[in-house]
Amino acid sequence: MKLVIAVIRPDRLTAVLEELYRADVQGLTISRVQGHGGEREHVETYRGTTVKMELSEKVRLEIGVSNHFVEPTVQAVIRGARTGSVGDGKIFVVPVEKIYRIRTGEEDQAAVTPVGVPTHT
Amino acid sequence: MNQADTAWMLVATALVLLMTPALAFFYGGLVRSKNALNTMMMSFVALGGVGLAWALLGYSLAFAPGTPFIGGTGMALLSGVGLDVKGTLPHVLFFCYQGTFAIITAALISGAIVERMRFGPYLVFLMLWTVVVYAPVAHWVWGGGFLASVGALDFAGGTVVHVNAGVAALVAASTLGPRKDFARQAFLPHNVPFTLLGAGLLWFGWFGFNAGSALGANDSAALAFATTMLAPAATLLVWTVLDLWRTGRATAVGGATGIVVGLVAITPAAGYVSPMGAIVLGALAAFPSYFALIFRARTRLDDSLDVVAAHGLGGAFGAILTGVFANRAWNGTADGLITGHPAQVVAQAEAVLAVIAYSGVLTFVLLKLIGRAVPLRANLADEGMGMDVSQHGEEAYGAGEGAILVLPDRRVRPRSSPPSEGGAS
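For the protein sequence lines, the chains are H and L, in the order given. So for the first sequence, my numbering puts the first residue at 1; every next one is plus one. So for the second sequence, my numbering puts the first residue at 122; every next one is plus one.
Derived from the structure by calculation, the hints contain no laboratory data. Check each hint, because a few of them may be wrong.
[Stated by the list, open to error] Straight line, CA to CA, 30 angstroms or less: simulated DSSO-like cross-link-like pairs of lysine-lysine:
hint	chain 1	residue 1	chain 2	residue 2
1	H	Lys90	L	Lys301
2	H	Lys90	H	Lys2
3	L	Lys489	H	Lys52
4	H	Lys2	H	Lys98
5	H	Lys90	H	Lys52
6	L	Lys489	L	Lys301
[Stated by the list, open to error] A short, non-exhaustive set of chain L residues, derived as facing chain H with CB atoms under 7 angstroms:
hint	residue
7	Gln306
8	Leu309
9	Val313
10	Ala455
11	Asp456
12	Ile459
13	Asp503
14	Gly514
15	Gly523
[To be verified] Under 10 angstroms between C-beta atoms, here's a sample of chain H residues computed to sit facing chain L:
hint	residue
16	Ser31
17	Val43
18	Glu97
19	Ile99
Computed from a prediction, not measured in an experiment: that's the story for all the values here. Quick reminder that beta carbons are idealized off the backbone N, C-alpha and C, glycines included.
Chain L with its partners taken away, still in its complex shape (with noise of 0.2 angstroms):
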């Protein structure tokens, strides 16, 4: 054991954690004051749903020795995850660091979904998202799997996370449809101070997250560091000019969106480019996802939190673009496209292709399954109350006024006095 790598690891680990909190207040910001705390707890859900789904089964699934597509159950339960060494960490903590991973990954869909799909239902599909979805596609580029064998490259899990999580919400925003009044009626963020407090903490706790990717306190995570730090720069930059060209203004929602879509770009390339690269690579990616969002306001598709334009095509993009800027002289492994090699961006496009096929495919048939078992939309009075309200029995701002006490021995108190007819309607 590494007790330099390890006490990098303690924390990162702590820091990718911090992410799912850092994105239910993205999402959180960006939907109606009556769905605010639903939306937040579709990713703090997350945290037990997904971490419980993730140590009895998921991580067995993802890192225990079995085929090049699926990993054995030799795992499950946590047997074997103990002190010993696992590269040059306790496996313990190894198994930790990988399964903050499997959190904000089922979380980041919650995006496509949010202000209709039923708490119930979508916890049942997290926890099936995980072990079904996830862990299968991390073994395959993580856990020895047939990824790996490919030669793609995938630093901290673009098509893993992003990707993944990005085909799963194109998939479930069209099965669940849209909401109620969509195209209709504008839906307004009601609190960007939220959104960019989200961003924050996101890009913040995305240094443990690709910076710990290199498993060790090394000069690789430095490099992950670096590109962590100026890939997003770049992205946000160039988002901001695109937001001046369009409309003449630069937008807080699109900066806070243009920072994460940055961050999912560099994630599968962060410990593979050079420094400038992440920069160019950076730049670059603003682009796509930036029309992409506009394209998509003029579809039916109700990926509400645009999911895919961020997640989906920010973090293929950024795949396909490893491949382009990857620099032996940097990463000490492999090159790419512009240094010679452009077989690599073959190998990076099959990566992509095969999570989107795999995921896209596994995502409909886990929610047609729960589909049928309960309905996963709630319906239109409780949709048109709010999600708080009629999910959770909670108000995010509630006033207050007009709340009596039920006491627990007796039944609710009489009201002191009965609205009179014709008296507030």
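So that you can see chain H by itself, here it is in the shape it has in the complex (with noise of 0.2 angstroms):
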């Protein structure tokens, strides 16, 4: 089992979402971050106070998934994301511990299998 963790561009999320519900990807947990990856920062003036941002908005998903997953999914988010241009953003993998499924207190593989789709193994 792994966490899949991507940091995208805010206006790549419905490719990226898209993608993902091709891939047969389902439940994941997204939220509004910021950052910077290296990207140009855009700069703001506010009555003649100028100011580079540094950070720029991004959002953060995270996919619990189990390991034949992770590449299919991986692939999706690139290929949702990517513009070509710096800040297009990562993704990380990182290993799991433990996953349970709050309603049925399902673990592991089980708690990350959508509902109605036999459990591989």
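Make one complex out of these two single chains by using the hints.
Structure, rendered in structure tokens:
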């Protein structure tokens, strides 16, 4: 089991969600975050005060998946999020010790398998 | 000069001017937060750009003596617009009052092209449109042009303002094309309370728009005031009932839209119909716009804030209904279909068709000409980042985190801690 953490451009979110849906990845958490990945800062001006905005709006997706789902998930995110310019974001895949499904108490593999799909081993 | 008339028209002019900031709130609430400032600025900038285009040339082309199709240039640069009396008002006040109409009309078009049109070309378009499209059409109806001689009734600008802006919006939306991700992603309003605030302020300002179009403190103004109160009330109620009937829920955006549609529909009729006629007119006006909104959402036309359905269709429908409900017992000049003068409906339809044809063609030509010189649309990256940052270098709801001061005498201050490799992305 892995946790796939992706940080992407907010305006690519729809495309990423579509790709994930096509890849049969269900169940994810997203949050709005701010970050910096070396992209060009944009400049804003408020009444003569000019500032460089070092942090850009990003969206962070967290997707808990079973091992054989890691690659399709990562590829789906890349297909949806890539524009080719600096600032497209990052994907981190981290190991997960334990997963519980709160509703049923199911653990691990069963907990990240959508309802109605037989559990792969 | 009549002092009572002048006093009322001073107030009415300020009321109509307030409608443009009101429109900014109405539109601003309906877009996504990353485009809020840009959308509001599209209305606000009309106060400057259109205000000046009107003063320098537009007013003359609308109201100076000329042909039946366009006024002369005798009053260009405000020459001859002084303290002498026009009607019962100081001429300069009449000019200001008409200017507030030009400003709001041009700003209305922005609803069709928000979230994608570049700001510079938009401003150029607005100013040219005011001179080339709005001024001649205003001349046709109010400046002694051919629609006045046809006998078409347009009390406060149903054709000049709303049909005109609605058709321009239709052409502009189709010329620019839909927004990125249109029909793939739902674009939700980011601040519905703004939209309600805008609708309320529009209604308030509209009393100056309609009752002020009597150009005096008289019974005609009182009638227009009453109809401006009653027609939107009926539209709002019918709209709410339609909402409840269709979905079981009365929506706030729907209510705000219903108010505007009612105001648009009563505009040409304001001083011509009875108060009861206004209620029926307002109730009827809800139907075409309500169903046009639902239909539009299923098409490829990205008229983003539904200017065509609310202003184009609402204005055309109101103009035709003016020919149905006009009542000489109330207005002293013209009867409509119900009181035995069916030819009035034909005159109304002629006026609507003339404005649709002229505004449609000229708006298209203007946009194509400007589009030849500069790109009309923001590029996809800028559109994705949001028009606030890309067009204005400001954010409506910036958190201010990560903002580094750029000092005027030095280059950017060095970062105290550069982002380390593999740090936050």
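Taking the earlier hints as the rules, which of them does this structure contradict?
3, 8, 9, 10, 11, 12, 13, 16, 18 and 19
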